[in-house]
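Novice: Below, each chain spelled out in residue letters.
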Amino acid sequence: MSSIFVTVFIITTIATVLALLLTLANYYIADYGERKIVINNDKELYVEGGTTLLSSLISNEIFIPSACGGKGNCGYCKCKVEEGGGPILATELSYLSEDDKNCNIRLSCQVKVKENMKIEIPEELFNVKQYNVVVEFARDVTPTIKYLRLAICEDKEIQFRAGQYIQLLAPPYADSNEDVFRAYSIASQSTTNKYIELLIGYVPDGIVTTYVHKHLTKGDKVTFNGPYGDFYLSDSDCDIVLVAVGTGMAPIRSILLDIKDKKISRNVIFFFGARTEDDLFMIDEMKRLEEELPQFTFVPTLSRPDKNSWNGEVGRVTDMIDKYLEYKEGREAYLCGNGPMIKSTVNHLIDKGFSEDNIYYDSFD
Amino acid sequence: MSDINPLVILMASIFTNNMILSNFLGMCSFIAVSNEIKTSIGLGQAVTFVLGATSIINYIIYKYLLVPYNLEYLRYIVFIITIAAFVQLVEMVVERYAPTLYYSLGIFLPLITVNCAILGVSLFMIIRSYSLIQSFFFGIGSGLGWTLAIVAMAGIKQKIKNSPIPKGLQGPGITLIITGLMALAFIGFSGIVKI
Numbered sequence: 001m002s003s004i005f006v007t008v009f010i011i012t013t014i015a016t017v018l019a020l021l022l023t024l025a026n027y028y029i030a031d032y033g034e035r036k037i038v039i040n041n042d043k044e045l046y047v048e049g050g051t052t053l054l055s056s057l058i059s060n061e062i063f064i065p066s067a068c069g070g071k072g073n074c075g076y077c078k079c080k081v082e083e084g085g086g087p088i089l090a091t092e093l094s095y096l097s098e099d100d101k102n103c104n105i106r107l108s109c110q111v112k113v114k115e116n117m118k119i120e121i122p123e124e125l126f127n128v129k130q131y132n133v134v135v136e137f138a139r140d141v142t143p144t145i146k147y148l149r150l151a152i153c154e155d156k157e158i159q160f161r162a163g164q165y166i167q168l169l170a171p172p173y174a175d176s177n178e179d180v181f182r183a184y185s186i187a188s189q190s191t192t193n194k195y196i197e198l199l200i201g202y203v204p205d206g207i208v209t210t211y212v213h214k215h216l217t218k219g220d221k222v223t224f225n226g227p228y229g230d231f232y233l234s235d236s237d238c239d240i241v242l243v244a245v246g247t248g249m250a251p252i253r254s255i256l257l258d259i260k261d262k263k264i265s266r267n268v269i270f271f272f273g274a275r276t277e278d279d280l281f282m283i284d285e286m287k288r289l290e291e292e293l294p295q296f297t298f299v300p301t302l303s304r305p306d307k308n309s310w311n312g313e314v315g316r317v318t319d320m321i322d323k324y325l326e327y328k329e330g331r332e333a334y335l336c337g338n339g340p341m342i343k344s345t346v347n348h349l350i351d352k353g354f355s356e357d358n359i360y361y362d363s364f365d
Numbered sequence: 001m002s003d004i005n006p007l008v009i010l011m012a013s014i015f016t017n018n019m020i021l022s023n024f025l026g027m028c029s030f031i032a033v034s035n036e037i038k039t040s041i042g043l044g045q046a047v048t049f050v051l052g053a054t055s056i057i058n059y060i061i062y063k064y065l066l067v068p069y070n071l072e073y074l075r076y077i078v079f080i081i082t083i084a085a086f087v088q089l090v091e092m093v094v095e096r097y098a099p100t101l102y103y104s105l106g107i108f109l110p111l112i113t114v115n116c117a118i119l120g121v122s123l124f125m126i127i128r129s130y131s132l133i134q135s136f137f138f139g140i141g142s143g144l145g146w147t148l149a150i151v152a153m154a155g156i157k158q159k160i161k162n163s164p165i166p167k168g169l170q171g172p173g174i175t176l177i178i179t180g181l182m183a184l185a186f187i188g189f190s191g192i193v194k195i
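Residue numbers (UniProt numbering), protein chains in the order written: chain A, 1 to 365; chain B, 1 to 195.
Derived by calculation from the structure, the hints in this document are not laboratory data.
All figures in this text were calculated on a predicted structure; none of them were measured in a lab.
Quick reminder that beta carbons are idealized off the backbone N, C-alpha and C, glycines included.
Be aware that a few hints might be false.
Listed next, with one range per pair, are the computed distances between beta-carbon atoms [what the hints assert, rightly or not]:
no., chain 1, residue 1, chain 2, residue 2, range
1, A, Tyr-173, B, Ile-41, 39 to 45 angstroms
2, A, Lys-328, B, Leu-176, 55 to 61 angstroms
3, B, Leu-101, A, Cys-103, 42 to 48 angstroms
4, B, Leu-176, A, Trp-310, 50 to 56 angstroms
Using the sequences and the hints, build the whole thing.
Specialist: Laid out in structure tokens, this is it:
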């Protein structure tokens, strides 16, 4: 009997001594006290030292895009650290280019606030907020693409530019045990401030897409933060070429609805690519827009059509560029879709006289 | 208590009884972190330091706390929590007081908590009845041996980076094969000394 007590006593003593040691170390060694972060030489924040810059900013409602949630594997949460960031960590190296390193760009999820810091972040990020929303509707527009409308339930409004994106949060569920953020382009027009619409394609085993496709239904509450991104329509007068495949429709639709709402009179042609007729969606809406906007042409094209039922264009979006566009300079192009499609489209556009500076794209890779 | 010279133990644990190539301990971080020579050296330094320190701490706890109360059978759990706590403490201290060192090896410290070579050394020193000084040399030697193996592996990996390796063998597959070949080479040292 006494051996049991001795065993428990000894183990408890060792564990207690170690725990005490660590607690004291945490209290005295890992306590960095209150630290000041100066943002853009203007705004001052006082935060608890020792945590990461990203979490310090988020706790002060300044949201820097971070698709991986601060694990250092998406490379989105870059910001300029003028003072107090310490040397670049090995975990940041693969995400920083030579230019980034020379300009003191760092990954905010890896930099810890240990001393007073001076940082610079784009002004528009101050407009980024976290929103609690309710799913107003969720319906399948193709077998793999879901169309969601998320209504902001609090007394908040979202200000964004057509083409920007948000980060949707999937809370822990059956197939995932942590909070995961993923970026999705806004599909609705920027003049609506109380809701946003999203087009979310299903990715097998994707944490957030599985959550959206298999678990999310009308009336559910979710969270997103945003808006982010610099993919939006310029203020020029030149002709516009829009190119999208699949869920790349989202930002392009937002841009088109904005063109209609704001009565922008620029020539617009939109090439939308899909594989089969089942993969096409929002065609009626695009046809309607075509009637309402005299300067707008919509060209849907299928790469693998059923020849008995499809009378439209056949081929990839790049084939349509070759077919519809004449060689001409001074036009702008906005592309959205997967990486290979963007790459080949850019080449075809350059062949048609587009300047690389006037080709804007939002790649989904 | 064995009467082997501590320096012999040091040399033996680097070459003839290498933790990775003879005992295959600490394989996970060996495979995962052996992509660059610089990082491998960082991790190797950290492992050597923790091995040296925990062999002493565990020896003292074992000798003066577990043995007197006949609690030797508790050594696994005691050694594990000691190693985990020590690694955490070292991380805090290094991060606070030696930022330069922390930035070079700090990120590898948490990895060491789950490095079986560390527990292996503490257990071997008990099985082989080493004294305190022998245990310390054994710890340091094992760390150096582990470093030697991981740095050699990083060097080989950098050399074969652009080699046409069959798809199914890329990554951990080829690493394990190379480890096996390295272990075969190290067999040449065996028999020189027994520790």
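Novice: Decide, hint by hint, whether the structure agrees.
Specialist: Status of each hint after checking the structure:
| no. | hint | verdict |
| --- | --- | --- |
| 1 | Tyr-173(A) with Ile-41(B): 39 to 45 angstroms | 42 angstroms, holds |
| 2 | Lys-328(A) with Leu-176(B): 55 to 61 angstroms | 59 angstroms, holds |
| 3 | Leu-101(B) with Cys-103(A): 42 to 48 angstroms | 27 angstroms, violated |
| 4 | Leu-176(B) with Trp-310(A): 50 to 56 angstroms | 52 angstroms, holds |
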